[in-house]
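Number of protein chains: 4
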Amino acid sequence: MVKVGVVGYGVIGQRLADGVDLQEDMELVGVADVAPTLAVRALKEKGMPYRFYNSLPENQKLLEEAGIPVSGTLEDLIKSVDIVLDATSAGVGARNKELYQKHNVKAVFQGGEKNSVADVFFHGYANYEQGVNKQFLKLTSCNTTGLIRAVDCLDRQVGIEKVAITIIRRVADPGDYHRGLTNALQMDKAPSHQAIDLMTIMPQVQATGILVHTPVTHGHIITVVATPKRKINKEAVLQYFRAHPRIRVVRLEDGFLGNASLFRYARDLGNPRGDMYEIAVWEEAIVNSGDDIMFAINIPQEAVVIPESIDAIRAALGMQADMESGVGLTNKHLGMGRWQKGVDHGL
Amino acid sequence: MVKVGVVGYGVIGQRLADGVDLQEDMELVGVADVAPTLAVRALKEKGMPYRFYNSLPENQKLLEEAGIPVSGTLEDLIKSVDIVLDATSAGVGARNKELYQKHNVKAVFQGGEKNSVADVFFHGYANYEQGVNKQFLKLTSCNTTGLIRAVDCLDRQVGIEKVAITIIRRVADPGDYHRGLTNALQMDKAPSHQAIDLMTIMPQVQATGILVHTPVTHGHIITVVATPKRKINKEAVLQYFRAHPRIRVVRLEDGFLGNASLFRYARDLGNPRGDMYEIAVWEEAIVNSGDDIMFAINIPQEAVVIPESIDAIRAALGMQADMESGVGLTNKHLGMGRWQKGVDHGL
Amino acid sequence: MVKVGVVGYGVIGQRLADGVDLQEDMELVGVADVAPTLAVRALKEKGMPYRFYNSLPENQKLLEEAGIPVSGTLEDLIKSVDIVLDATSAGVGARNKELYQKHNVKAVFQGGEKNSVADVFFHGYANYEQGVNKQFLKLTSCNTTGLIRAVDCLDRQVGIEKVAITIIRRVADPGDYHRGLTNALQMDKAPSHQAIDLMTIMPQVQATGILVHTPVTHGHIITVVATPKRKINKEAVLQYFRAHPRIRVVRLEDGFLGNASLFRYARDLGNPRGDMYEIAVWEEAIVNSGDDIMFAINIPQEAVVIPESIDAIRAALGMQADMESGVGLTNKHLGMGRWQKGVDHGL
Amino acid sequence: MVKVGVVGYGVIGQRLADGVDLQEDMELVGVADVAPTLAVRALKEKGMPYRFYNSLPENQKLLEEAGIPVSGTLEDLIKSVDIVLDATSAGVGARNKELYQKHNVKAVFQGGEKNSVADVFFHGYANYEQGVNKQFLKLTSCNTTGLIRAVDCLDRQVGIEKVAITIIRRVADPGDYHRGLTNALQMDKAPSHQAIDLMTIMPQVQATGILVHTPVTHGHIITVVATPKRKINKEAVLQYFRAHPRIRVVRLEDGFLGNASLFRYARDLGNPRGDMYEIAVWEEAIVNSGDDIMFAINIPQEAVVIPESIDAIRAALGMQADMESGVGLTNKHLGMGRWQKGVDHGL
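Chains as they are written, first to last, in the numbering used here: chain A, 1 to 347; chain B, 1 to 347; chain C, 1 to 347; chain D, 1 to 347.
In isolation and in its complexed conformation, chain A is listed as follows (with noise of 0.2 angstroms):
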């Protein structure tokens, strides 16, 4: 059992945490957070299934007086643990760096920190091999995570020569105060973080891409205009698709009208969190532009990130050396694939 930290219990953290606890091979022993925010009351009220420790001593009263059981401060959980998942704000990583380094502890940061602060820029499916037995990996951020789950996944079958996408993002996650956009379309800069991310990531695939704001909070939808290296059809795209344990193939017919019919159905499939971990491709969505191909995919931004995170543990701590065996684990505990009609994905 390899002992698992998390550090910042926001709308990440929370996830990983959930992801981590669902692992047989791992243990979850606690999280960490700054302060008494709604996530930690809620880790109270549930009668804290983790211990939490306090990342920020001057507020040990402040914790006290709402009443949540403190086991210790961050670095208590940093020496308690093999490998630290850091989930706090875009900054505080490069920071929190320094103690783990100090406590030789490794770490897999999020997508919101620097390159630099990791050794590898990871990616479960796409470099699964260059993270293994690494001290530090930085996560993909969660519209990457998704886009490259699908690239990958054509071009390890044809091929990928380029991509442009257009990212609909979400602008703010539900429950969000502090961002938010009002009957507003925002664009951003071209070419966005996304597409050089998935060249670093994925050198062999050229990538652009447009980003725009959307006022929502229930899933990013990207468009994607791939190139392949040789021509294929929709029925090829769909069944590589559905081959994929981390794709959901959805359908208009059936019910699955927008990104919101994704976030509940995860809340009506039961999920904790009413989470999804899949990205979704839309059947009737999948069209040909000369030989390019173009589709949509769904990226469920709360919970997508959590695989791949997963995955990250394991190549970090070698528990698995190669891709297979790493996110295969990874799936099988966190039930991924058992939704696809007629694929066994050996679950």
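You may find that some hints are simply not true.
When chains are identical, the list treats them as one kind, so a pair holds in a single copy or across two.
As the list claims (entries may be wrong) - Derived pair list, reagent style DSS-like, types lysine-lysine, alpha-carbon separation capped at 30 angstroms:
#	residue 1	residue 2
1	K332	K46
2	K231	K162
3	K234	K61
4	K189	K44
5	K162	K229
6	K114	K102
7	K229	K189
8	K61	K189
9	K79	K46
10	K46	K189
11	K3	K79
12	K234	K44
Please keep in mind that the hints were generated in silico from the structure rather than gathered at the bench. None of the values given here were measured: they were computed from a predicted structure.
With the hints as your guide, set chains B, C and D onto chain A.
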């Protein structure tokens, strides 16, 4: 064990099924609907924890193609139960009533039906005894259910002479595409039906109100200006609300900044579907207006009617003859009131 | 002709300039701002109907590169005018005040500044005479300005003892990206500042209120529960509102379904920038709550303060010594009240 | 002076009337609609600059009660004109066509009608000559009109082989309550009709695309991945777009952050109804994808089709026999192209 069926498996029907399933003295026989909706597909994907009955014979083939195991017809379900919770679309319940009468089964209708469909227009706290042993009960709508909880709570303590309410209504549920509003506040003709419904259930109170639709999905907010019969201060109001198992007193200071905070919090509690049964009242938004008391309520529209619907089963079947016993058992099985600091609800 | 300068050329500043330009007894000398914002670029594209002054010397090059003709510095503008309308960001007005004092120029500040910046906290209808010949006036904010119009209107007729208001606040203006809210209703600590400000201006009225932010851009809606000193019925309320040149009584039946209808209507009237100076009251949303009157107001937040700001010029410069004359001339030049059926406003 | 009537006085009809009124060689005889809508009430409030005709005899009393001066029936209008711009709801135009045929009047239909209603599916720039002297023309929809402007612009310069588009569609207009979407992105079946329509008008170009509805009201954004026949760089693309009188090149750096910036800017320009006829292209969002060019267009959906509709009058009536003369006069009278820095459009 009384036997319960749920007819109509949409947003409310799904949650009624969840709620009945939690009652130790009730058996959920199954649910019925007319098509392989996303809700029904989710039921199948999670392994059919309940049996499914088909309400629309001509859709049998469609259901089979979707792989939904069908246990029988609507009439088969009705014949197997003591009581039906009817959560079909407005107007369908009135037609279903003939079947319930034919099979001499009791039924609880939701707020969308006309009052005339039922013997009693029912609210668990405000008029439980009137529902005892009746055949047909109709629940109040989500806004009215939550509003009456709060008004009844104060009325029992100090007497309420009149209320003037402003309903800031969420216009759609998460995952709805068939209704919506974009960048607009929409006015309704006053007085709102919720005020009129409150007076039907609580004739001792005079009520009026204005309803404004807003483009959000995570909970209605109602402001209430209540004229008490005896003068009360804010502390007393807080004390009464805190002691109520279906009311959660929250604080802006703790991070409960609006309706979306409560939606997020319920998800983070790990509640199934991310649901919350309680209304919330903000501590920092209780003010005096002369001798009147003004406060704001959060209504989680997807799940708020579940407790009172369970109460309705208890009343209609005469399982408990008085309100305290009836709502008490509902509360116990739904785990309501556990969150209140320092309050012993006898659970 | 009194000479007027507008400092701060944002959403409010642009409209103040428009409003001053319509007054036959005022000359708009020019406007000042700190950078080539979109508002300033639009001024240039339409051919510089007003002169532009640069408030930030270090941005002179930026302005020149954008091709904006600059007529001088902020101080140049101040030296050329009798009075400044200061519509800078909150807090900047207090700093600008030193310049106004240095050059012995009068100034009208907007609602974002602290009350202490001014000699009088001013509303054209409610306390015009207090502003006469004063040097520094501060306007009420958009919500308070519109709210006071309605409350003052009734108070003059029957006396108002107290009001309890619910402010359903639009969270951003059309075209704002720096602030926003997505799929959430956000609560504020009660009582809202608008209620407190109303009491400052109208000490004879007791006021409290709750404010809820909503993700829309086209106008606030306020519901008011008003306790009159003499009993009045709905017809009388309607008659008083209809006779007020700055209040527009509208009907759901005619198609005025919410705040966005009024926004659209003002555009379709051909009003510059699609602006509306009047608040609106919905005929079908006036109800009695016992002896209280409850009604709903629409506040077009971009332009509603313009008439009262023009009134402030008239008061501060002693152009008209009494309210009737002052607001009457403002109304005449802005064309207010022309829409009222069968009402002679003497225009 | 050719005589023009506008049938259907909604969002588009109002703007068609405005646009015709600006043409020195056209006379706007009047507009027709079926009821005292807000648009018709606004027409009356501004003093009936156009005559109004009643298309629905049974609503005559309703119109009179609303005080709308009625100049006759729909047929009266048709008999007085050379050509009708039909902007009625989808499907009504096909019925009106019988009247146009009966009175031997020409007509231009909007994009909601089926193609079969007209002799030519028309775009001012892409196929002007095909519309010359035809009786019935149908305009492209708002998205297609703007899209073709940009694609035609590049096609004339370097030849365009194929395009793959992503339409980020605004779901309603400001002031709409009958349609809307709340906190959701909604997918359409691909390929989108806009891609198919583009191929109908420009058969030399292969097109496909995916459309996603978004909950905003201020303009669609389309991303285009275009495969040119000759390699071009970003500078050339910019030069071609800048030289087009109906395309506005804008910069994030200048403050044009998204669709709402363009909406605000048009209002601040003082354009009637705050309208903008031009599409916009963001300078910072033009990128290369291999030899393909990717860019983003803003489509102001309320007014974008007006210029091409005026072009259609010119073509149908043979007022100008070639595209350059036809669109040139439309542009001159609408003042298009004046904003481009350093570009001489011969105006």
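Query raised in the report: Given identical chains, is K79 near K46, meaning Cα to Cα at most 30 angstroms, within a copy, between copies, both, or neither?
Result: The answer is within: 26 angstroms in one copy meets 30 angstroms, while 39 angstroms across copies does not.
**Report entry** Within, between, both or neither, where K229 and K189 count as close if Cα-Cα is 30 angstroms or less
**Finding:** both (29 angstroms within a copy, 26 angstroms between copies)
Query raised in the report: How would you classify K332 and K46 at a CA-CA limit of 30 angstroms: within, between, both, or neither?
Result: both (26 angstroms within a copy, 16 angstroms between copies)
Requested in this report: If the cutoff is 30 angstroms on CA atoms, where do K114 and K102 land: within, between, both or neither? Let me know, please.
Outcome: Answer is within: at 20 angstroms inside a copy they meet the 30 angstroms cutoff, but 50 angstroms across does not.
Report task. With 30 angstroms as the alpha-carbon cut-off, assign the pair K61 and K189 to within, between, both or neither. Result -> between (44 angstroms within a copy, 24 angstroms between copies)
**Report entry** Intra/inter-copy verdict for K231 and K162 if alpha-carbon distance must be at most 30 angstroms
**Finding:** both (13 angstroms within a copy, 17 angstroms between copies)
Query - Within, between, both or neither, where K234 and K61 count as close if Cα-Cα is 30 angstroms or less - result: Close across copies (27 angstroms), not inside one copy (60 angstroms); limit 30 angstroms.
Requested in this report: At 30 angstroms max between alpha carbons, let me know whether K162 reaches K229 within a copy, between copies, both or neither.
Outcome: both (9 angstroms within a copy, 18 angstroms between copies)
Report task. Tell me, please, which holds for K234 and K44 at an alpha-carbon limit of 30 angstroms: within, between, both or neither? Result -> Answer is between: at 28 angstroms across copies they meet the 30 angstroms cutoff, but 49 angstroms inside does not.
Query raised in the report: Is it within, between, both or neither when you check K3 against K79 at 30 angstroms Cα-Cα?
Result: within (10 angstroms within a copy, 54 angstroms between copies)
Query raised in the report: When no copy is specified for K189 and K44, does a C-alpha distance of 30 angstroms or less occur within a copy, between copies, both, or neither?
Result: Classified as between; 26 angstroms across copies, 42 angstroms inside a copy.
Query raised in the report: How do K46 and K189 come out at 30 angstroms by Cα distance, when the copy is not named: within, between, both, or neither?
Result: Classified as between; 28 angstroms across copies, 43 angstroms inside a copy.
When the structure is compared with the earlier hints, no violation turns up for any of them.
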